[in-house]
Every structure is written in C-alpha cells, then in structure tokens.
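Asker: Based on the sequences and whatever the hints tell you, model everything.
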Amino acid sequence: MTSQNDRLTERQVLRLVDALIDGSIRDEDFQRLSKAVGEHPEVLETYVDYLNIHSALRQRFHSHATAEGDRLDIPVGDDAARLRPKQFSAAIRKQWKFYLAAIAATLATAWAAALYQSSPNRDGRSILPQDFAQRDSAISSAVEPVESVAVLTRLVDVEWEDGVKAKSLGAPLPRQRLKIKSGLALVEFYCGAAVIIEGPAAFDLVAPDRGFAHYGKLRAHVPARARGFTIGTESGDVVDLGTEFGLDISTTGQSEVHVLDGEVDFHDAEKTDGAPHRLVGGQAIELALDGAPHRLISSDASRFVGHKQLNARANEQHRDRYQQWLDYHTQLRMDPTLVADYVFDNTEGWGRTLVNAATSADESSYGAIVGASWQRGRWPQSKALSFDSPSDRVRIKLDGEFDSLTLATWVNVAELAGKRSVALLHPEIDLSRSEVDERQRFIHWTMNPTPSGAVLHFAESHGFRTLDRNHYGSVAHGVSNQDLGSWIHLALVYDSNALEVSHYCNGELIKSVPIESPRILAIGVADLCNWPYKEWAANTQFEFRNMNGLMDEFVVLGRALSIDEIREMHVIGQP
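For reference, each letter of the sequence shown is one residue, going 1 to 575 in the numbering used here.
In case anyone wonders, no lab produced these hints; they're calculated from the structure.
Hints should not be assumed to be uniformly reliable.
The calculated lysine to aspartate or glutamate pairs, modelled on EDC-like cross-linking and capped at a C-alpha distance of 16 Å, are [stated by the list, open to error]:
1) Lys181 / Asp209
2) Lys181 / Glu147
3) Lys165 / Asp209
Per label pair, the in silico range of CB-to-CB distance [claimed, not checked]:
4) Arg15 / Pro390: 49 to 57 Å
5) Gly274 / Arg225: 20 to 28 Å
6) Pro390 / Glu508: 28 to 36 Å
7) Tyr328 / Lys271: 54 to 62 Å
8) Ser562 / Ala417: 31 to 39 Å
9) Lys181 / Arg15: 19 to 27 Å
10) Gly351 / Ser148: 49 to 57 Å
Virtual Cβ for every residue (Gly too), placed ideally from N, Cα, C.
Answerer: See below:
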C-alpha cells in the first residue's frame with residue numbers, strides 16, 4: 001500500500017483494527033476505517049487477513065464450546081492478541097468484493113460491541129467486546145485453521161509476563177504473542193529458522209516463516225533452506241538472505257539490526273519505493289525514529305546470547321532443577337501417609353521392575369513393567385517410560401484403605417484422538433463375581449477426550465457393577481490440545497473432610513466436585529497407563545484406553561494434599 005493522503009498505510013490499518021478489537025476505537029477513526037475498507041481492495045485485504053488471525057484464534061479456543069461437557073474453558077488473553085498479518089492468498093484477493101459485505105457486517109457488529117463496552121449488565125459487570133462471541137461470525141467461512149508454526153525447544157530461567165500462560169518445553173506453538181519478563185527462550189520455526197529471545201521481550205509468532213518483534217533482544221539463525229525468513233518491527237522488516245542476525249529493540253521503539261554472518265535486507269516501513277537496505281556480515285544499522293536518517297554502525301555479536309551460551313546455561317539449569325526435584329522427593333518420603341513414590345529412576349530386574357521408593361514400601365508394591373520402553377524424562381538426567389502399544393502398562397499392587405487420597409503424576413501425552421478414555425490408573429477387577437462384594441473397592445483415574453482436549457475423571461466403586469460407582473469429573477475443564485506433546489502435572493485429591501474431589505492441572509485447581517456420601521477407598525492391583533479388559537471389551541468403544549505418551553512420576557498419599565502442596569509439587573517438578 002502507498003502512503004498517499006487519501007489512503008491509510010498498512011501500519012495505520014493495523015492500529016485502527018487493534019483499537020476496533022479492543023473496543024477503544026473513536027467514532028471518527030471507525031468511519032475512516034469503514035471508508036477505506038469500502039474504497040481500497042488492499043485495505044480490505046489487510047483488514048480481512050488481520051481479523052482472520054483474530055477470529056481463527058477465537059475459533060481455535062472456543063469453536064467446541066457448544067456442549068458443556070465437551071468444552072474447555074481456556075482463557076484467550078494477550079497470547080491471542082494483535083498479530084502482524086501475513087500476505088493474503090491469491091484466491092482470496094480475487095474474491096475481495098464477496099468479502100466486502102461480510103466485513104461491513106463484522107465492522108457493524110464490532111462497533112456495536114464497542115458502544116456497549118461501558119454499559120453495565122445485570123450483575124453490574126462491564127460488558128467487554130470479547131463477550132460478543134458472534135462478532136466475527138460474518139467472515140467465518142474465510143477463517144483459516146490455526147496450526148502450530150514453531151516449537152519451544154529451550155527455556156532458561158524464563159519468567160512470563162502476568163496474564164501469559166506458561167509454556168512447556170517441547171510444546172508446539174500456534175500463532176500467538178510471547179511476552180517474557182526475564183530469561184531466555186529458543187523458538188524453532190517450522191521453516192527451519194531458530195530464534196533466541198531474551199527477556200524482557202514481546203514477540204509475535206505470525207507464520208512458519210515470520211515473526212514480529214515489539215521489544216527486547218533476539219538472535220536468529222537462518223539456514224539456507226529457510227532463506228526469506230522475516231522478522232517484522234515497527235521500523236520495518238528484516239528479511240534473511242541466509243544469515244545470522246541480532247535485533248535489539250527498546251520499549252520506546254528505537255532499534256538496531258546487527259548482521260553477524262551472511263546478509264539481510266532491511267525494508268524500511270517509512271519508504272514507499274520498496275527498495276531494501278542491504279546489510280552484510282559485520283555491519284549493523286541503528287534505526288532512527290520519526291523519519292530521521294538511519295546510522296550505519298559495526299555489529300557486535302557479544303550483545304546477543306548465542307547457541308553455545310544458551311546450551312551451557314540450559315544444562316546448568318537442568319542439573320539444578322533435577323537436584324531440587326530429588327531433594328523434594330527425599331523430603332516427601334518422610335511423610336507417614338506416603339503410599340507410593342514411583343520416580344522412574346530406580347529400577348530392578350533387568351530394568352523391568354519399577355521401585356516404589358516410599359519409606360514404608362516393600363517389594364510387593366514394586367511395579368512390573370510390561371512392554372513400555374525407557375526414554376529420557378523431564379530432564380536429561382532423568383528417565384521416563386514410553387507407552388506406545390495397547391499392551392504397554394505398569395502393573396502395581398498397593399494395599400491399604402483410605403478415608404482420603406491424593407494421586408499425582410507427570411505425563412507427556414502424545415495424542416488423545418480415537419479414544420473414549422485414556423487410562424492413568426485402572427484397577428484389576430474380579431469379573432467372575434456376579435454379586436456386589438463390599439470388600440471389593442476400586443478407583444479409576446482417566447482422561448476423557450473432547451474436541452478441545454480432555455476432561456479429567458475419577459470414579460470409586462464398592463463392587464464392580466456400575467450402579468455401585470460414584471463419578472467425579474472435571475466437567476468442562478481439563479487438558480487442552482495445546483498441552484499435547486509437553487509435560488503436564490495432573491493431580492486428584494479425594495478429601496472426605498471437605499467432602500470434595502478436586503482435579504488439578506499444572507498446579508492449578510480446575511474443578512472441585514462435592515462428595516455426597518464419602519466412602520472408604522482402596523487401590524489394590526492396578527495398571528498405570530492402561531486397563532486390563534481389552535479382550536472383554538473387544539469391538540466396543542471401551543476396548544482401548546491405553547495412554548500414548550510418557551510418564552516419569554506417580555505418587556500416592558493416603559491423605560488430602562492442600563492446594564499449596566499441589567502447587568509446590570508442580571513448581572518443583574516442572575522442567
């Protein structure tokens with residue numbers, strides 16, 4: 001787009017749409033945006049593409065919210081905030097007149113939401129634009145599916161900004177904004193480019209080959225196959241030509257581009273002729289504000305954390321955190337209510353016996369590993385069991401009866417699709433008995449997949465008949481599909497004193513369900529990550545409940561842990 005007086009620049013369009021989405025747009029600016037959308041196809045393209053990303057993120061997190069039992073209440077905060085658009089496809093360009101009517105309807109709906117922003121609803125709460133779930137429905141047919149664009153492969157002492165959900169190592173990343181208070185994060189884009197982000201920083205993941213830096217330091221390594229990788233800034237775009245470069249952007253917008261190796265093209269946002277500024281290794285440019293000329297300076301690699309420094313700091317952090325985790329479990333074993341402490345680092349019998357490290361445990365409580373294979377755990381120094389086959393499991397036997405109970409585990413779930421339930425802990429039941437036996441007591445702990453991820457479920461039985469079973473699910477809350485492929489901490493607390501069953505994910509309480517009639521619980525013979533009735537349930541929806549993924553910790557206590565104790569367990573154990 002040009003910067004002529006009768007047209008909005010791309011940057012102006014983005015800022016106006018930002019204000020529209022936020023509900024802060026002024027009346028005159030709204031009229032200006034509406035006029036530009038109606039008169040200029042290129043403005044329409046930018047606007048549609050921008051709302052495409054916004055609406056797709058809403059659809060990604062809210063599209064399965066039609067049924068309460070199949071919905072995960074996942075907040076969309078600053079992670080789903082304003083993203084710099086990518087180029088619209090040729091097919092959509094040809095259909096811009098078709099979208100004009102839809103955009104007009106969307107603008108009208110969004111403007112109505114903005115007008116209502118300061119109006120109180122019945123309970124006195126201000127109605128915000130995001131409360132209007134159908135605001136973007138007019139262009140739903142143009143919304144592209146939101147897919148992952150990068151992977152988070154290193155985290156060193158990262159503290160996330162308030163309101164930003166913490167990301168797990170190895171987690172696939174969709175388009176979103178990463179806001180870091182401090183620390184280092186390595187993001188590997190699917191095109192092959194790798195970017196080290198140093199906090200404080202705000203960085204948008206826009207596409208598999210594009211990012212946008214608001215402020216902070218970053219260092220990008222771009223191999224030949226990722227040539228053309230682009231990082232946008234307020235001052236312009238840095239386009240790689242097969243290189244390594246650094247960016248240093250202050251919160252005031254002043255920035256520097258340092259070419260450490262190879263070449264880059266810098267496309268100045270203030271220039272209308274489109275001619276880039278070519279920079280080669282050893283050169284750097286100080287980008288001035290308000291149209292002042294840019295200044296050529298020498299590049300300085302020492303100002304940016306490199307891959308070797310990142311790895312060294314990451315390895316040191318892993319060692320420290322692994323030792324903290326070991327120390328925590330040493331302390332945990334002093335708890336007289338500890339029933340089982342399977343840390344997956346202690347094995348016997350050709351490596352096929354999983355040791356229960358609880359102080360009071362004997363060999364009868366050791367787990368028998370069936371089929372599952374050993375892999376790396378949450379840290380390079382730790383181990384995990386990989387469950388890949390419907391036959392993989394760990395058979396355990398835990399004696400005792402409990403008024404209250406806590407179960408906790410670290411798992412890395414590879415997939416949830418195609419299953420009715422995913423087993424965390426399933427009992428061995430004597431199916432030969434036709435009558436209820438009050439001495440038979442069982443518990444079931446599962447993840448039940450939904451389109452958005454999985455809800456958590458706990459059941460306890462006196463006798464094996466389903467009529468004698470009480471169910472306690474996390475209803476519409478649980479594990480998101482975005483958690484797949486990363487380590488998550490799950491905990492279940494059955495509290496007979498508080499008369500509640502509580503489900504936790506990553507240290508946070510996600511749902512408490514009342515206990516109407518508390519009963520004595522028992523575990524007995526059970527399987528981790530599987531259930532023993534595949535043959536019995538053959539050709540039914542219950543046939544397969546095996547977990548596909550990793551587990552590297554399973555803890556059982558014969559008391560109800562508090563929310564602070566669950567949070568401590570998560571904080572100490574997170575990789």
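Asker: Taking the hints in turn, state whether each one holds.
Answerer: Outcome of the hint check:
1. Between Lys181 and Asp209, the direct Cα distance comes to roughly 25 Å. Violation of the 16 Å bound is thereby established for this hinted pair.
2. For a cut-off of 16 Å, the pair hint linking Lys181 to Glu147 is broken: about 26 Å separates their Cα positions.
3. The hinted pair formed by Lys165 and Asp209 fails the criterion: a straight-line CA distance of about 23 Å is larger than 16 Å.
4. In this structure the supplied range 49 to 57 Å holds for Arg15 paired with Pro390, their Cβ-Cβ distance being about 54 Å.
5. For the hinted restraint 20 to 28 Å between Gly274 and Arg225, the CB-CB distance of approximately 26 Å keeps it satisfied.
6. For Pro390 and Glu508, the Cβ-Cβ distance of about 32 Å falls inside the hinted range of 28 to 36 Å, so the restraint holds.
7. Here the CB-CB span from Tyr328 to Lys271 is close to 57 Å, well matched to the stated 54 to 62 Å.
8. Separation of Ser562 from Ala417 is about 35 Å and conforms to the stated range, judged on CB atoms against 31 to 39 Å.
9. A C-beta distance of roughly 25 Å is found between Lys181 and Arg15, which places it inside the suggested range of 19 to 27 Å.
10. Between Gly351 and Ser148, the C-beta spacing of about 34 Å breaks the proposed range 49 to 57 Å.
Checked against the numbered hints above, the structure breaks hints 1, 2, 3, 10 and satisfies the rest.
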